[in-house]
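2 protein chains.
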Amino acid sequence: MREIRVGLLGAGVVGSEVAHVLLERSDKLSEQVGATVALQRIVVKDASKKRPSFIPTELLSTNPDDVVSNPDVDIVVELIGGEHPPLELMTKAISNGKHVVTANKEVMAKSGYRLLSLAAQRGVDLRYEASVGAGIPILSPLQQDLAANEIASIRAIVNGTTNYILSKMAREDMDYQTALRQAQELGYAESDPTNDIEGIDAAYKLSILASLAFHTPVKPSDIFTQGISTLHPKDFTYARELGYAVKLLAIAKRHDDGIEARVHPAMVSLNSQLANVDGVFNAIQIEGDLVGPLVFFGRGAGALPTTSTVVADVLTIARNIAAGSLIRPRIELNRRIDVKPMSKVETSYYLRIAVKDQPGVLAEIARVLGDHAISISSVIQKELNADAQTAIIVIMTHPALEASMQAATAKLSSLTIMNEVSALIRVED
Amino acid sequence: MREIRVGLLGAGVVGSEVAHVLLERSDKLSEQVGATVALQRIVVKDASKKRPSFIPTELLSTNPDDVVSNPDVDIVVELIGGEHPPLELMTKAISNGKHVVTANKEVMAKSGYRLLSLAAQRGVDLRYEASVGAGIPILSPLQQDLAANEIASIRAIVNGTTNYILSKMAREDMDYQTALRQAQELGYAESDPTNDIEGIDAAYKLSILASLAFHTPVKPSDIFTQGISTLHPKDFTYARELGYAVKLLAIAKRHDDGIEARVHPAMVSLNSQLANVDGVFNAIQIEGDLVGPLVFFGRGAGALPTTSTVVADVLTIARNIAAGSLIRPRIELNRRIDVKPMSKVETSYYLRIAVKDQPGVLAEIARVLGDHAISISSVIQKELNADAQTAIIVIMTHPALEASMQAATAKLSSLTIMNEVSALIRVED
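So the sequence lines, in the order shown, correspond to chains A and B.
Numbering of the first sequence is given in the numbering used here, commencing with residue 1 and proceeding in unit increments.
Numbering of the second sequence is given in the numbering used here, commencing with residue 430 and proceeding in unit increments.
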């Protein structure tokens with residue numbers, strides 16, 4: 001049987017597990033591929049670090065060239081994470097004619113188009129299924145199984161950290177800081193959680209998904225991104241009363257005049273599949289013109305789910321090598337469609353405002369919204385503080401332009417009857 | 430650009446739609462494949478039948494050999510449905526060295542292993558993604574994306590007709606006959622609904638899924654199959670009170686001593702993803718040792734979702750032909766694992782019984798169950814009819830052997846204190 005050799009960059013939690021599976025299940029995997037899949041080399045930063053006993057010391061090296069420039073290596077698996085040096089190492093590996101598998105969302109979001117083009121030129125494959133949704137098969141279904149469809153929309157929960165925090169806030173009426181601290185204690189959030197809670201991680205993943213769905217490069221910098229740190233438990237309660245859950249959604253839609261792409265907290269109907277995705281789970285909903293709505297649900301993070309997908313990508317490439325197939329990544333990013341600025345996006349809104357409790361208040365709020373072409377679908381007075389003579393009002397709107405809503409809330413804030421616009425959450429139906 | 434030619438068997442609702450997409454989206458599809466995908470011939474039963482205007486009359490033929498033995502045809506798409514003549518036509522097409530795409534669950538469940546082996550010998554591909562879950566990508570993820578996993582279990586809602594009926598019964602407290610009639614009026618159930626309501630269709634699909642998941646042929650005749658026609662609205666109400674939904678589940682699990690494979694109504698926790706699959710939607714939950722639980726959700730029937738998948742299978746084969754790849758189906762049904770008889774399966778149970786309202790009744794029931802090693806997790810008296818001196822009791826058990834439960838219910842039915850064992854529903858946690 002032909003031998004296909006794998007070189008690993010990185011032996012952290014994921015890298016170690018990938019090494020473990022490649023070594024331990026070698027026979028079974030090779031049988032499936034029709035060729036021997038052999039782990040050839042593992043590049044680590046610190047060779048003296050204590051490692052699990054299943055990692056053979058003789059495979060370790062601290063020199064990345066032992067993998068990316070090694071003529072014996074067919075497939076390079078990049079699991080270092082972060083933008084540098086993975087971008088440089090992957091570029092070098094591809095230039096050297098090696099197939100590459102990675103779980104690196106940052107590199108694929110920022111430089112995926114360039115790397116895929118280079119891989120196509122060099123006639124090698126570049127697979128990155130684990131970069132979105134870890135264990136959930138989504139990029140391959142999008143490219144292969146949905147190839148006959150025009151994709152209309154993507155709505156996804158692709159960040160487990162924020163979904164864990166939001167689930168806690170919703171179910172246990174916990175405030176944001178407490179939920180974050182708990183997530184950190186459980187290892188679901190990093191000590192610097194910025195990338196997760198500000199939606200940056202989700203925007204990387206949406207960039208990857210939207211690019212494949214719409215066949216055009218969608219850059220992370222094109223994506224409107226808003227995090228979850230300003231959400232208040234009160235709004236989870238009101239949302240539930242109105243029949244909604246609050247989730248950090250990554251949303252991309254195709255319109256005749258362009259694409260919209262945005263990451264922000266959103267209210268979704270309690271009856272929707274996405275509302276029932278709790279804790280660290282991820283779910284990606286895709287709507288195609290033929291297939292209708294599809295939802296892919298599973299663990300969006302963790303060493304084992306990521307390993308499941310990384311090894312599958314290695315096996316797919318190995319199978320193609322064994323079949324003598326001319327392989328190269330299918331880049332079909334051959335359309336050029338603009339991403340609309342957020343101001344031009346239309347969506348419905350949930351608005352929580354604190355007002356002075358006096359006659360004519362509602363009429364004045366309604367007039368301001370009406371002046372901005374924003375139509376109200378319901379108004380509920382939620383709380384009345386007789387002593388302070390203030391009231392809390394919750395307003396749900398019909399779809400309106402983001403620019404109009406921003407102008408309207410600025411205007412509302414300036415009214416003397418207003419205390420504050422306390423919350424503005426977009427509603428995704 | 431190389432031309433890859435497709436021959437279509439059948440131009441019913443699905444066949445017409447496949448022809449439509451292949452013709453209408455020809456440029457876009459060809460661009461994705463890197464070769465021209467051309468519809469060459471359409472075989473129909475009745476050439477004089479009125480067809481949609483987009484079907485070019487000059488492509489029609491009534492002779493299947495114009496496709497399966499036509500040297501100009503590269504890929505044969507079988508969309509006739511039913512076992513015969515599709516089995517014979519697919520066999521002939523493969524023998525003639527043609528790649529085959531089908532949505533035929535009956536043929537693939539009963540003769541898939543034989544056809545796949547023949548295709549492997551002849552070096553052609555046989556793809557059948559649409560045979561399970563119509564528009565939902567599931568066979569390809571199972572074979573490709575989950576290849577590194579040992580699959581532990583499958584739990585699936587794979588029949589839209591029964592799921593529509595059960596959703597109606599649950600939500601609208603409708604009885605079975607009314608819900609079935611409504612499904613028939615809406616075209617969700619056929620005039621002879623036997624295959625759907627008796628679980629035969631679901632068993633075909635489970636046979637296909639379980640074979641791929643466990644790498645061993647699982648025959649439809651090995652699968653315990655029980656339909657939904659005896660379910661009573663009362664049990665949906667009690668189930669909901671206990672925190673469960675009632676669904677027709679296709680279940681397959683891997684144990685050290687064999688496989689279990691069964692189709693029957695089952696109670697699933699209201700918190701589970703499967704409980705929230707309503708109407709004609711399908712969902713397939715797969716548990717792998719690395720990836721954990723995954724759920725694939727979408728439209729499990731209908732012309733457009735099926736077309737989405739059939740055309741995707743055609744494109745995958747076309748792409749491989751264009752890449753000069755040595756293609757053949759990956760049959761990895763190389764293990765031989767027995768399917769356990771139902772009597773040896775362990776599961777929890779919901780039991781609704783009508784008893785005479787007299788002292789000592791519960792003690793006697795508990796004794797009978799205990800004698801059969803069945804442990805009770807809860808007992809609730811649901812209704813008391815003082816006039817008739819009868820009571821309805823609902824019992825939930827811990828996991829017990831099916832054989833024991835069958836023996837216990839037989840024994841219970843013979844007791845003088847019993848009116849009847851009114852319902853026995855398995856519980857899937």
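It should be emphasised that the hints constitute simulated quantities derived from the structure, not laboratory data.
Don't take every hint at face value.
What the hints assert, rightly or not - The list that follows gives simulated cross-link-like pairs (lysine-lysine, DSSO-like), each with its CA atoms no further than 27 Å apart: (1) A:Lys234 <-> A:Lys340; (2) B:Lys539 <-> B:Lys769; (3) B:Lys521 <-> B:Lys539; (4) B:Lys769 <-> A:Lys28; (5) A:Lys382 <-> A:Lys110; (6) B:Lys769 <-> B:Lys663; (7) B:Lys521 <-> A:Lys219; (8) A:Lys28 <-> B:Lys648; (9) B:Lys457 <-> A:Lys340; (10) B:Lys663 <-> B:Lys457; (11) B:Lys479 <-> B:Lys539; (12) A:Lys234 <-> A:Lys92.
What the hints assert, rightly or not - Examples of chain B residues toward chain A, derived with CB under 10 Å: (13) Glu558; (14) His644; (15) Pro646; (16) Pro649; (17) Asn700; (18) Met825.
For glycine and all other residues, C-beta sits at the position ideal for the given N, C-alpha and C.
Check your understanding: Hint numbers the structure violates, sorted upward?
Key -> 1, 5, 6, 7, 10, 11, 12, 15, 16, 18
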